[in-house]
Every structure is written in C-alpha cells, then in structure tokens.
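Asks: Between the sequences and the hints, there should be enough to build the whole structure, so can you do that?
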Amino acid sequence: EDVGKTTMHGYVTGSGLDTIGLDISNRDLFSSMPHVNAANGDLSFTVLENACGSSTVTAAASCTFVIEVIPVNDPPSFTGSGNVVVAEDAGATCQQWVQESSVGAYETGACGSQTLSYSVQVDRPELFLALPSLSDTGMLCFHTLPDACGITKISVTAKDTGGRDHSGS
1 EDVGKTTMHG YVTGSGLDTI GLDISNRDLF SSMPHVNAAN GDLSFTVLEN ACGSSTVTAA
61 ASCTFVIEVI PVNDPPSFTG SGNVVVAEDA GATCQQWVQE SSVGAYETGA CGSQTLSYSV
121 QVDRPELFLA LPSLSDTGML CFHTLPDACG ITKISVTAKD TGGRDHSGS
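So in the numbering used here, spot 133 of the sequence shown is number 133, and the numbers just go up one at a time.
These are calculated hints, taken from the structure and not from any lab test.
Note that the Cβ used here is the ideal one computed from N, Cα and C, for glycine as well.
Do not rely on the hints blindly, as some may be mistaken.
Stated by the list, open to error - So the derived label-pair ranges between C-beta atoms look like this:
#	residue 1	residue 2	range
1	48	91	15 to 23 Å
2	21	133	58 to 66 Å
3	96	27	36 to 44 Å
4	75	48	41 to 49 Å
5	64	117	37 to 45 Å
6	136	56	35 to 43 Å
7	26	130	31 to 39 Å
8	120	8	15 to 23 Å
9	65	99	44 to 52 Å
10	113	88	38 to 46 Å
11	123	65	53 to 61 Å
12	96	41	52 to 60 Å
13	147	119	37 to 45 Å
Replies: This is the structure in structure tokens:
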C-alpha cells in the first residue's frame, strides 16, 4: 500500500517477450496495470493509493504469480472545536469537542478496521478537580476546582489501533 510505481527488473526472461499478455484477476488494486517491458523483461505496476488485497496475474506464456498488496497504517487525524471557556465555579463540564475524525485510510474495507482514542495533557492541572479527558467519541469532560480561574494549555493526541507494521504510523 502507498508504494507508488513498482518495477521488478528482469522478472520475465526468455524469448517471445514481445507477445506476453497478462490476465489480471483484481484490476481494482491498480492505477497502472501490471505489464512486461518486452525489451528487458521488467514487470511494472502502480497500486492505487490506500488499496490493499491480492491479484493473481497469469501470463499467456503459462506463468502465474500473485501480487499481494499489504496494508500500511495511515496516521489518524481529527479537528477540534477550538478553545473552551467556562465560568469560575462551573464545576463538571462535558461537551462534544472533536468535530471530525479519521483513523486513516486503513479504517474500512478489505484492509480491516480500527478504533480511535485520545490522550490529553494539561499544563495547569491545579485548576481541576477532574482533569480534562476525551472519550473515544470526542466528548471533552472536566471538572474545575471551586474558585479556580486561569488559562491552561491542553494538548490532544489521537491514536488508532492499526499499529506500525510495514512502516505504518
């Protein structure tokens, strides 16, 4: 997944390279179909961005091989609703803060599925009875201390369950 154009140099050898036709079982994987360069036997193809799966390729010269495209975890993303302002002595507060989120292109289809979670850090924890936290659905909840006032910087990081296999993020 996400590798762009792939060329396997000298993959096909022998005579008659100029007449090799390829039968491709899963054409939906490719933006550029597998083909053999008659001059040097190079096999080239380009996989669609974020596609994964396999395709059996049969050459007219009685050669069959499989191209398998393995998934790579793309990083998650989200959009928050911005700054939150509450009155002194507001107490417990919950509001939908994450407006849009994505676990990356690996989230659905043949590539599998993932879930998203958030971690929250604050630079002034002394303002809170219960520190700010974000649910998996993006609900921001916190409880301010009585008579506490001030500004705190909140840092939010999203993490998905896709892992880092095959250079994923």
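Asks: All hints, please: hold or fail.
Replies: Results for each hint:
In this structure the supplied range 15 to 23 Å is violated for residue 48 paired with residue 91, their Cβ-Cβ distance being about 51 Å. Between residue 21 and residue 133 the C-beta distance comes to about 59 Å, which sits within the given range of 58 to 66 Å. Taking 36 to 44 Å as the suggested C-beta distance range, the pair residue 96 and residue 27 conforms, at roughly 42 Å. The supplied range of 41 to 49 Å is broken by residue 75 and residue 48, whose beta-carbon atoms lie about 19 Å from each other.
Here the CB-CB span from residue 64 to residue 117 is close to 43 Å, well matched to the stated 37 to 45 Å. For residue 136 and residue 56, the hinted distance range of 35 to 43 Å is satisfied, since their beta carbons lie about 39 Å from each other. As the Cβ distance of residue 26 to residue 130 is approximately 51 Å, the hint placing it in 31 to 39 Å is violated. Taking the beta carbon of each, residue 120 and residue 8 are about 47 Å apart, not inside 15 to 23 Å as hinted.
The given range of 44 to 52 Å is respected by residue 65 and residue 99, whose C-beta atoms sit roughly 46 Å from each other. Judged by the Cβ atoms, the range 38 to 46 Å given for residue 113 and residue 88 holds: they are separated by roughly 43 Å. At roughly 56 Å, the beta carbons of residue 123 and residue 65 sit within the given window of 53 to 61 Å. Hint check: residue 96 to residue 41, Cβ distance near 58 Å, so the stated range 52 to 60 Å holds.
Evaluation of the 37 to 45 Å hint for residue 147 and residue 119 yields a failure: the beta carbon distance comes to about 28 Å.
Consistency note: the structure conflicts with the earlier hints numbered 1, 4, 7, 8, 13.
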